[in-house]
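J.: So the sequences go chain by chain: W and Y. Here my numbering is used: the first residue of the first sequence is 2, the next is one more, and so on. Here my numbering is used: the first residue of the second sequence is 12, the next is one more, and so on.
Derived by calculation from the structure, the hints in this document are not laboratory data. Keep in mind that a hint or two might mislead.
Now the in silico label distances, taken between C-beta atoms and shown as ranges [as the list claims (entries may be wrong)]: (1) W:I173 x Y:A164: 43 to 53 angstroms; (2) Y:F75 x W:D128: 15 to 25 angstroms; (3) W:D128 x Y:T213: 54 to 64 angstroms; (4) W:V65 x Y:D224: 56 to 66 angstroms.
Straight line, CA to CA, 25 angstroms or less: simulated DSS-like cross-link-like pairs of lysine-lysine [stated by the list, open to error]: (5) Y:K171 x Y:K96; (6) Y:K55 x W:K204; (7) Y:K55 x Y:K70; (8) W:K125 x Y:K66; (9) Y:K16 x Y:K176; (10) Y:K55 x W:K125; (11) Y:K70 x W:K125; (12) Y:K96 x Y:K55.
We put the beta carbon where it would ideally sit given N, CA and C, even for glycine.
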Amino acid sequence: MSDFQLILLFIVAAIAGMASVLDEAQFHRPVIACTLTGIVLGDPTTGIILGGTLEMMALGWMNVGAAMAPDAALASTVSTVLVIVGHQSIGAGIALAVPLAAAGQVLTIFVRTITVFFQHLADKYADEGNMRGIEMCHIGGLLLQALRVAIPTVAIAMVAGTDVVNNALNSIPEVITRGLQVAGGFIVVVGYAMVINMMNAQKLMVYFFLGFLIAVFTDVNLIGFGAIGAICAYFHIKGMQTDIAIEEAAKTGGGSAVEGDDIDDSDLM
Amino acid sequence: MAEKKVTKDDLFWTFVRSNFLLGSFNFERMQSMGFCCAMMPIFKRLYADDPNEMKAALKRHLEFFNTQPFVAAAIMGIIGAMEEKRANGADISAATLSGVKVGLIGPLAGVGDPIFWGTLRPVLAALGAGIALTGSIIGPFVFFIAFNAIRLATHWYGVKYGYEKGTELVENIGGHQMHFLTEGSSVLGLLVMGALVAKWTTVNMPLVISEYDNSLGEHVVTTLQGILDSLMPGLVALLMTFACMWLLKRGMNPLVIILGLFALGIVGYAIGLFA
Numbered sequence: 002m003s004d005f006q007l008i009l010l011f012i013v014a015a016i017a018g019m020a021s022v023l024d025e026a027q028f029h030r031p032v033i034a035c036t037l038t039g040i041v042l043g044d045p046t047t048g049i050i051l052g053g054t055l056e057m058m059a060l061g062w063m064n065v066g067a068a069m070a071p072d073a074a075l076a077s078t079v080s081t082v083l084v085i086v087g088h089q090s091i092g093a094g095i096a097l098a099v100p101l102a103a104a105g106q107v108l109t110i111f112v113r114t115i116t117v118f119f120q121h122l123a124d125k126y127a128d129e130g131n132m133r134g135i136e137m138c139h140i141g142g143l144l145l146q147a148l149r150v151a152i153p154t155v156a157i158a159m160v161a162g163t164d165v166v167n168n169a170l171n172s173i174p175e176v177i178t179r180g181l182q183v184a185g186g187f188i189v190v191v192g193y194a195m196v197i198n199m200m201n202a203q204k205l206m207v208y209f210f211l212g213f214l215i216a217v218f219t220d221v222n223l224i225g226f227g228a229i230g231a232i233c234a235y236f237h238i239k240g241m242q243t244d245i246a247i248e249e250a251a252k253t254g255g256g257s258a259v260e261g262d263d264i265d266d267s268d269l270m
Numbered sequence: 012m013a014e015k016k017v018t019k020d021d022l023f024w025t026f027v028r029s030n031f032l033l034g035s036f037n038f039e040r041m042q043s044m045g046f047c048c049a050m051m052p053i054f055k056r057l058y059a060d061d062p063n064e065m066k067a068a069l070k071r072h073l074e075f076f077n078t079q080p081f082v083a084a085a086i087m088g089i090i091g092a093m094e095e096k097r098a099n100g101a102d103i104s105a106a107t108l109s110g111v112k113v114g115l116i117g118p119l120a121g122v123g124d125p126i127f128w129g130t131l132r133p134v135l136a137a138l139g140a141g142i143a144l145t146g147s148i149i150g151p152f153v154f155f156i157a158f159n160a161i162r163l164a165t166h167w168y169g170v171k172y173g174y175e176k177g178t179e180l181v182e183n184i185g186g187h188q189m190h191f192l193t194e195g196s197s198v199l200g201l202l203v204m205g206a207l208v209a210k211w212t213t214v215n216m217p218l219v220i221s222e223y224d225n226s227l228g229e230h231v232v233t234t235l236q237g238i239l240d241s242l243m244p245g246l247v248a249l250l251m252t253f254a255c256m257w258l259l260k261r262g263m264n265p266l267v268i269i270l271g272l273f274a275l276g277i278v279g280y281a282i283g284l285f286a
């Protein structure tokens with residue numbers, strides 16, 4: 002790997018690391034991070050396919066409240082490096098991504114703890130009315146997050162492709178690699194389960210079964226499901242509006258039952 | 012003294028900075044530095060000539076803050092409007108400001124989490140990933156552009172309407188419209204999840220249950236997958252999803268479940284249950 006590639010890889014991994022804490026532009030999501038890493042390493046197609054596969058698995062990895070998601074950033078960059086530079090299969094890449102996500106989570110917990118120090122420094126700057134100081138503390142935390150992904154990624158890129166690493170990876174027996182590939186087919190259910198649990202809507206599960214049945218018996222693609230979902234949502238909200246109108250009518254003791262149509266539907270998207 | 016007024020420029024820079032809210036996330040006060048930094052363009056407009064008020068403003072906005080980052084922009088707008096009134100002499104105490112801010116964290120996260128993390132991202136990511144699996148660069152682009160367009164719009168209109176409507180916006184959060192929005196997006200999200208379970212999950216169980224030659228001399232092989240498919244295709248994936256939901260609800264770490272499924276895959280392949 003050329004020095005230039007290593008520098009680009011450092012930049013891509015740093016962006017993914019920053020995005021992993023910011024959770025805004027989504028550069029840390031596998032489908033983006035693996036693609037960018039693949040482009041830097043000269044094999045975009047492998048990066049895109051690995052990214053798509055990992056993305057399905059990581060669908061439910063989200064930061065909600067104080068809970069932290071497994072780390073998609075480190076998992077994406079390093080597994081792409083190992084697959085492309087270390088000549089591994091996509092299946093092996095997925096398997097490697099799991100321990101990497103756990104390792105990345107440990108690293109980000111470490112950084113988020115260190116950043117408490119910046120927090121106290123910021124308090125001091127606030128006492129002095131020093132805005133630039135607070136900004137520097139804020140950026141300091143962000144840069145640590147960049148480094149915690151960029152450094153391991155580049156370090157592994159430098160040793161990946163060497164005989165020692167290749168021999169180690171190739172010595173994994175076939176039953177393991179094939180088994181991991183098989184597991185890759187259904188490991189995605191964990192992500193789906195996380196998303197469903199997050200919505201935590203027992204009474205809406207009927208829509209889940211509707212989606213399942215349509216998918217089993219028809220050939221509708223995902224865009225189609227999005228459209229069907231939007232229509233179901235529309236009717237569901239209509240139903241809710243009617244319920245509310247009836248309830249309010251009952252409360253005021255009569256009157257027109259179907260009011261509340263003034264709710265602006267354009268707000269729904 | 013001339014009335015102090017936050018300009019559209021200030022709101023724009025607050026919007027820009029709101030994109031870095033979580034940069035210095037830490038376990039003590041979480042997004043506090045990000046919030047304080049995002050408010051700085053507004054503080055500079057309001058308190059530039061009063062160092063004591065400036066220090067007080069910086070300190071009170073270094074307090075604990077943690078919500079869904081996109082909807083946080085609306086809180087920035089609301090607090091900006093309140094700080095403006097305070098700077099112009101209105102009777103808004105520091106305690107009121109903190110109270111409004113902390114009071115908004117929960118309800119807004121309650122709306123933002125299911126909509127953005129529960130529905131929008133999984134749906135768009137699944138769409139992008141589905142295209143990406145074919146090796147097409149369109150997949151990552153679809154996800155990136157669609158998600159960010161909606162995200163940036165939420166940030167900008169959050170800051171703008173938050174500032175314009177102030178606490179009036181707060182009252183709407185508890186109202187019907189927000190409830191409609193979260194339920195509606197959950198309906199869409201769950202429907203797509205159901206489709207993903209059925210279509211984007213691969214389980215193949217070629218385990219042979221029976222094998223015989225029928226009266227016509229044809230060799231008939233019945234596999235476990237064949238029986239399951241005749242009952243209901245996708246049944247195993249559905250059961251696996253429910254098992255995962257159950258384990259997650261009992262507090263099991265998702266990575267542990269994933270490792271468990273890897274083990275299942277390896278053992279299953281070794282004994283010929285899966286292929």
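J.: Now, for every hint given, state plainly whether the structure supports it.
T.: For each hint, the structure was consulted:
1. W:I173 x Y:A164: 43 to 53 angstroms: holds, 47 angstroms
2. Y:F75 x W:D128: 15 to 25 angstroms: For F75 of chain Y and D128 of chain W the Cβ distance comes to about 18 angstroms; the hint holds.
3. W:D128 x Y:T213: 54 to 64 angstroms: holds, 59 angstroms
4. W:V65 x Y:D224: 56 to 66 angstroms: The hinted range 56 to 66 angstroms holds for V65 of chain W and D224 of chain Y, with Cβ atoms some 57 angstroms apart.
5. Y:K171 x Y:K96: Status holds; Cα separation ~16 angstroms.
6. Y:K55 x W:K204: violated, 49 angstroms
7. Y:K55 x Y:K70: Distance of about 14 angstroms is within 25 angstroms: holds.
8. W:K125 x Y:K66: Holds, at about 10 angstroms.
9. Y:K16 x Y:K176: holds, 15 angstroms
10. Y:K55 x W:K125: holds, 19 angstroms
11. Y:K70 x W:K125: holds, 9 angstroms
12. Y:K96 x Y:K55: holds, 15 angstroms
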